[in-house]
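Assemble chain B onto chain A, guided by the hints.
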Amino acid sequence: MNQDTTQAPADGVRERGGISLRGGGLFTSGLLMLIAAVVMYDSLDQGIGWDAAGPQAGYFPFHIGLLMFLSCLGTASWTLLHWSEGRGRMTTRSEFRRVRNVFLPIAAYVVLMFFVGMYVAGALFIAWFMWRLAEPGKRHGWLKIVLISVGVPLATYFIFTVWFEVALYAGPFADLF
Amino acid sequence: MEQFDLLMHGMGVVLTWHHLLLMVAGVLLGILVGVLPGLGAPNGVTILLPLTFSMSPVSAIILLSCMYWGALFGGSVTSVIFNIPGEPSSIATTFDGHPLAKQGRAGEALTAAYTSALLGALVGVLLLTFLSTYIARFALEFSSPEFFAVYVLAFGSFIGLGKTPALKTVAAMMLGFILASVGMDTVSGNLRLTFGLTELLRGISFEVAVIGLFGIGEILCTVEEGLVFRGENARINLRVVWNTWKQMPRYWATWLRSCLIGCWMGITPGGPTAASFLSYSVAKNMSRHPERFGKGALDGVIAPETADHSAGTSALLPMLTLGIPGSATAAVMLGGLMIWGLQPGPTLFVEQKDFVWGLIASMYLGNVVGLIVVLSTIPLFTAILRIPFSIIAPIIVIICAIGAYAVHQSLFDVGLMLVFGVFGYLFKKLSYPIAPLVLAAVLGDKMEDAFRQSMLFSGGSLDIFWSNGLAGTMTTAGLVMAFLPLISRIVRMGRARPRNSAP
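Listed in order, the protein sequences are those of chains A and B. With my numbering applied, the first sequence corresponds to residues 810 to 986, in that order. With my numbering applied, the second sequence corresponds to residues 255 to 757, in that order.
Chain A with its partners taken away, still in its complex shape (with noise of 0.2 Å):
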């Protein structure tokens, strides 16, 4: 089982780029053994035994950690244990590239929003998007970019600030709003 371990990450690289189910499911299940870990730590803090008033603060949350764990590393040993039947593709590298090419978009409009606020945020990740993203073989007018990433942003201001009165985070902009 151990050289099975050294092996993992070279093999799920190596392969025809993508992502192998195994090395994608080790990836996870090791992520997700990480926040349990982290979850019983913190448990152990608040005190994981009994007092007056029934279980103390960390009584639930650790044993919540243990079962994630002990069930994550079944996941894992299954997938070591498995190894070959792990081949298949989780993603082909064109896949993970069009994944990616829409994940980045996504993360930068986010972090955007935190300094020029969601309205202009939107704006430009709608522009960015039609602009650069448009189905093989067609391109979007720069009109209709203009009038779509200017227009969706608006509705969202009159639907939700202004009818529902659930204002939107304008950042540096909210005195125009």
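No wet-lab data here; the hints were simulated from the structure. Just so you know, not all the hints are guaranteed correct.
Result set (DMTMM-like, lysine to aspartate or glutamate): computed pairs, CA atoms no more than 20 Å apart in a straight line [unchecked claim]:
#1 947(A) with 479(B)
#2 356(B) with 545(B)
#3 682(B) with 894(A)
#4 700(B) with 395(B)
#5 682(B) with 904(A)
Values in this document were obtained by computation on a predicted structure and should not be read as measured data.
Chain B in isolation, oriented as in the chain A frame:
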């Protein structure tokens, strides 16, 4: 008939122009989220939730539940016309719905789908009407050990009945419980898992998790497949509707079986998705012409649609009476109840008669309104789907971000949504189930409270969960369900071994 009087009372509450308009609006919004990839019933309802804070609970639940029916209807439009299920629960509808559309019989397929869906939903509502008072009255006797036992049963059935690997179901569920435990502990006042971040003091809202996991995760998965819509023509007029209706009585047996499967899976937390698959395969196996399935058999559309809707409506039965939702969307609505200041569970039937019976009455009307609205708006929604993905996708992302922000007016939550989006993508690719996570995130606090209170009663002994017949039966059944995958594995191994060792 006590229930009948109560139902009439509910009808009185619901039959106002205001509520009828809300129904139409809810159904339209529901069809929209059902049709659009990346927006489905659970996160559509979640995004709409903050907008209902200023409404009365009855109006709010009418809007949200009608959105749910609309989404169930909308999911089948895309299944039939584009071969793309708008909702996981309408995957089974593509098997025969799309072949029918290819033969130019899309109108027939859609009419059959909606009509059987409506009839399936009505059976679910009838069940709700006549059983809910009894179950609620029975559940009023529950105290914390019984409630904890009900939770054990609900979560155990998820592990036992789910189609995903049991260990992954457990992991997803535990992640949900962890989300629920973040923030101030209500009993001791301790801060749990906040890591000194003030934003985490109030906890992680399940809404944010739902929008990230379902919304952003779904968008990433859709993009990965390189989505191109290639739709069939959908002509639908009264003649097609009438001709289809004339054929429908022939399939009464399929319909009845699917209703039973749907109601059962809706009440136990199997959910509409599992119900529609099960019902499809049962219909195929019981059919005299199983070879026609997959090539455009009308009963191949009727079976999953009926089960889908009867499961969707009957999922509200345990939600209202016990406070345990039967599906992810019902879980979100349950969260909504708590936000509106209502205590879900049996006391609703005593203290909030207007609310409960208004909701049940609105389910009768809402589904009928839904059928009329969806039949008359199919061309509109297929037109929406012809808008390029590069325009629709960013708008969906923006709506998700606004939904996450609006829960607590916090940008931190939008960042969290992004993190959940990554988890949603990974979970989907690696077949971790998301519904138990949502359920655990919504119910975690209540389950922990029930556990702690029981422990206070018993002075720390776990025996209390077996202290009376009711709690004991449910706890044992829940544990058996939870270990069912393990037990069946051992049984299988035990059966395989003698054969291997035989000379």
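Okay, the hints, checked on the actual structure:
1. 947(A) with 479(B): Holds, at roughly 18 Å.
2. 356(B) with 545(B): holds (18 Å)
3. 682(B) with 894(A): holds (19 Å)
4. 700(B) with 395(B): Given pair residue 700(B), residue 395(B) holds - Cα atoms ~17 Å apart, limit 20 Å.
5. 682(B) with 904(A): Holds. Residue 682(B) to residue 904(A) sits at ~15 Å (cutoff 20 Å).
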